[in-house]
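Dock chain to chain to rebuild the complex, using the hints, since each chain is given by itself in its own frame.
Residue-level listing of the chains:
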Amino acid sequence: MLIRHAPDLKPSEITPKDIYLNRRTLLAGAAAGFAGIAAPGALAAPLAAAPSPFSTDEKKTSLRDVTTYNNFYEFGTDKDDPHKNAGPLTTKPWTVKIDGLVGKPGDYGLEDILKTVTLEERIYRMRCVEGWSMVIPWVGFSLAELIKRAEPQGSAKYVAFETLVRPSEMSGQASLYKILDWPYREGLRLDEAMNPLTILAVGLYGETLPNQNGAPLRLVVPWKYGFKGIKSIVRISLTEKEPPSTWNLSQPSEYGFYANVNPAVDHPRWSQATERRIGEGGGLFVKRRPTLLFNGYAEQVASLYSGMDLKKFY
Amino acid sequence: MADTAKRLSNAPAPPRGAAAPGTAKRLTSALQRVPVWLVYAVGFIPAVAYFALGVMDELGADPMKVLERELGEWALIFLIAGLCVTPLRQLLGLSLLRFRRALGLLAFWYVTLHLVTYLVLDQGLDWAAIWADIVKRPYITIGMASFVLLVPLALTSNNASIRRLGAQAWNRLHTLVYLAAAGGALHYLLVVKSWPLEPLIYAAIIATLLAWRGWRRIAKPAGARAARA
Numbered sequence: 001m002l003i004r005h006a007p008d009l010k011p012s013e014i015t016p017k018d019i020y021l022n023r024r025t026l027l028a029g030a031a032a033g034f035a036g037i038a039a040p041g042a043l044a045a046p047l048a049a050a051p052s053p054f055s056t057d058e059k060k061t062s063l064r065d066v067t068t069y070n071n072f073y074e075f076g077t078d079k080d081d082p083h084k085n086a087g088p089l090t091t092k093p094w095t096v097k098i099d100g101l102v103g104k105p106g107d108y109g110l111e112d113i114l115k116t117v118t119l120e121e122r123i124y125r126m127r128c129v130e131g132w133s134m135v136i137p138w139v140g141f142s143l144a145e146l147i148k149r150a151e152p153q154g155s156a157k158y159v160a161f162e163t164l165v166r167p168s169e170m171s172g173q174a175s176l177y178k179i180l181d182w183p184y185r186e187g188l189r190l191d192e193a194m195n196p197l198t199i200l201a202v203g204l205y206g207e208t209l210p211n212q213n214g215a216p217l218r219l220v221v222p223w224k225y226g227f228k229g230i231k232s233i234v235r236i237s238l239t240e241k242e243p244p245s246t247w248n249l250s251q252p253s254e255y256g257f258y259a260n261v262n263p264a265v266d267h268p269r270w271s272q273a274t275e276r277r278i279g280e281g282g283g284l285f286v287k288r289r290p291t292l293l294f295n296g297y298a299e300q301v302a303s304l305y306s307g308m309d310l311k312k313f314y
Numbered sequence: 001m002a003d004t005a006k007r008l009s010n011a012p013a014p015p016r017g018a019a020a021p022g023t024a025k026r027l028t029s030a031l032q033r034v035p036v037w038l039v040y041a042v043g044f045i046p047a048v049a050y051f052a053l054g055v056m057d058e059l060g061a062d063p064m065k066v067l068e069r070e071l072g073e074w075a076l077i078f079l080i081a082g083l084c085v086t087p088l089r090q091l092l093g094l095s096l097l098r099f100r101r102a103l104g105l106l107a108f109w110y111v112t113l114h115l116v117t118y119l120v121l122d123q124g125l126d127w128a129a130i131w132a133d134i135v136k137r138p139y140i141t142i143g144m145a146s147f148v149l150l151v152p153l154a155l156t157s158n159n160a161s162i163r164r165l166g167a168q169a170w171n172r173l174h175t176l177v178y179l180a181a182a183g184g185a186l187h188y189l190l191v192v193k194s195w196p197l198e199p200l201i202y203a204a205i206i207a208t209l210l211a212w213r214g215w216r217r218i219a220k221p222a223g224a225r226a227a228r229a
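Chains as they are written, first to last, in the working numbering: chain A, 1 to 314; chain B, 1 to 229.
You can take every hint at face value.
So the derived label-pair ranges between C-beta atoms look like this: (1) Met-56/B x Ser-250/A: 33 to 39 Å; (2) Val-148/B x Ser-253/A: 24 to 30 Å; (3) Ser-253/A x Leu-125/B: 27 to 33 Å; (4) Ala-145/B x Pro-263/A: 24 to 30 Å; (5) Gln-153/A x Leu-125/B: 55 to 61 Å; (6) Pro-88/A x Asn-158/B: 54 to 60 Å; (7) Leu-200/B x Thr-118/A: 42 to 48 Å; (8) Ala-207/B x Ser-175/A: 18 to 24 Å; (9) Ala-169/B x Ser-175/A: 45 to 51 Å.
To be clear, the hints were calculated from the coordinates, so they are not data collected in a lab. Note that the Cβ used here is the ideal one computed from N, Cα and C, for glycine as well.
Bound conformation, chain B alone (with noise of 0.2 Å):
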């Protein structure tokens, strides 16, 4: 989320390695269709769906387990879909831009939903069991400053934000997603039993995500990022 409208304007020349440009930007223009709203009502529709069918009971033994875990992978899907804006743009020259606000957003409100389920159902409300885990638990305590993280992001993903405080420092404010992202992912690592594939595979994709823009960073040429800058 680290990109600037501004460099949208640029409108970076066909990008380098782009596979087919007139595919890319034929499936741009449709997706120009699409109103952003629709990404919000599909993208409720698992938090709706799996809370429907815990209250049926229909969730198996352990249903607040089920909808805990649910909620928790599908704000991580959400996190790795808002990451892979920028490199589509960059790699096949895709431009999902206009929905990266609702993707990022879903996220912070799936963690959200994730969050109240443990708090609510998981511990009941139990403050002093609720603050033991956070001070002694490291995947709780990585759980929560990813939540934490996300909320100032949630709180700017608005366009009166980016205007007051300028693309430059709103950008660098919602460079946060990536700690978010690095610490969601090794909180999945840290709750279960062995190393199943999983949260492995979650790890892997975040992990990957992340060093693209690392590389990204280190291999530009130091005038192409003070024209950037």
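Isolated chain A, as found in the complex (with noise of 0.2 Å):
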């Protein structure tokens, strides 16, 4: 497999390569899965990223059911059509606009925000509203440190990102057949976008983003159903008031605007108490788990919604 490094980065972001091949070993497992599986098209690079006190020490689903099992009906609504499809989508150069309630708006070039963040490595569980759910070696920075350089005002209340809209490199939206209203859109409420356990993610398993995961740049709310992790990101707008989010707008009566996950608070048409933990029991064996409150972030995250319904803000 061709390995190339990405120009952006300097030799001296990268990690040392006894670093590097000791971190790999100590990735046990998902060491097979590097030899061929990084996802066609997908230029993986190396990426640096210091350890988090975030990250769960369970185990990690692995990098073939990661990056084969997506939900990013941008490319197609089978699970495994994003990784066949995503290929040809060109991620560089990339630029996020950051706009609306800001000091500083403009177009921001991928890389020179990589110039200016701390990558981390946070291992998050990934819980999806269908019912599954992952452990997840995210690459990323803290959305804080970003939305913060572009200086909010006082009146910002929300945070509204944006997928890019490019049907000539994503098949999905270039369908006849409309299955969701492009561009996706998601949002947070503020304190929930600058709170620390918020990411953006480039990357994963310590390379750069596959295609099929949301690259170059992508959003990971780890207490929040899988949905709300809006991928490949080219809008960032602080607005005041509570942005329209897609699958909100798809089935308003299904899909909340806080989507946070909540064992007690089911999915209209399934129940959200218990979740299958994506290679786990093995073959056609499943073991369920019992799904947590706030997918177990409840201790970072529950004081954000004290004194709310979350029956009724689901």
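Written out as structure tokens, the structure reads:
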């Protein structure tokens, strides 16, 4: 496999080889996955990242499962569609427009952003609204770092995000049958966005993000259902009003703005009390585990919602 | 499946609008040579294949879901195939009646395997969770009801039952398949997020096949209906 280093990475930013190799052996089980699976088209480059106290020590979902089982409707609705179809997506150069209620609006090149932030490895649980979950070692930086840099104004209360619209490279957007209203949109309350758990991810398993996982830049909010984790972000706007979000627009009675993981608040059509951890159990045999309030991150985020009726603000 | 054996023996004269009766006739007689057991043998290939792939862990990251969904889809495919038998004869003069029981029973077995997958592999026989699903989740309620509707049809899919019930009562009983097919289509639509195409296509095909029967019933002169009864 051809591994090219991203041109924007200075040699000093790349982990020394011995540490890198050592880290690889530490990633037991995952190493096997590296050989051939790093996804077609994705020129995976190693990323240096500091460990984080927010990481879980639960068993990580294999690289193969993390990169072949995805919801990314811009590339099709089947779980393996993004893996099969996301190859052609050009992620370099990449610009993120930051606008709205900020002191420094503008088009920010991803390479410039990456020069000013600290990359960390965050091993987070990911719970999909469909009832399955994974444990994913993301590489990313705190969203708060980027927002602070844009100097939010006092009136800003929410953060809105948009995904790229490029039907020529995103087969799902080119389809005559429009499954969702593009661009995919998501939003967070500003305090949620500034919470230290909230990151913008640029990699996983120590390398740059494969396209199907939302390259080159995606949101990760581990206490919310996976659909909040908007992928391939091209715009971040600070707003005064709650911004629209794609699934909420699509089916408002089923997908709320908050979408906090909550075993006590069922999806109208299915239970959220338990989840299938992908890869656990082996083969056809599924081991269900109880779903945790705020996906197990209550200690860090429950205070954001004190006094709120979580059944009403689902 | 509401056609009587009697009606078949009445062999309706060349159907209206039959495209090429000669071809249909030749095809029908060629199909006479295909043994019914072959339909079963071929029909069970997908179930065996998906189960084998699942055991070998070749169904991707969430193999149980793939197995569950594929068994459900094949159940719909066999239901649709069974429902096509009558319109094919009426429209093209092609008789597949010999195979209809096999198609119906294959549909029933696929629904059963789909249900067993849900009960055993998906829910791990957690009866409290399963019961909660049945009473609280319309798509599970509808799916389960469709299965229950198919049980008496499967149990009476034999010549002895037709003799015992009489062709007319047997036919009336087997109109339940319409309800089961509609339930199956709705069940699929309700299980997915948003409106992906696949469940919509199954629903459209089943709706068309049911509407065809409804239309025939309305359009048919009263006299013909009386003769049929």
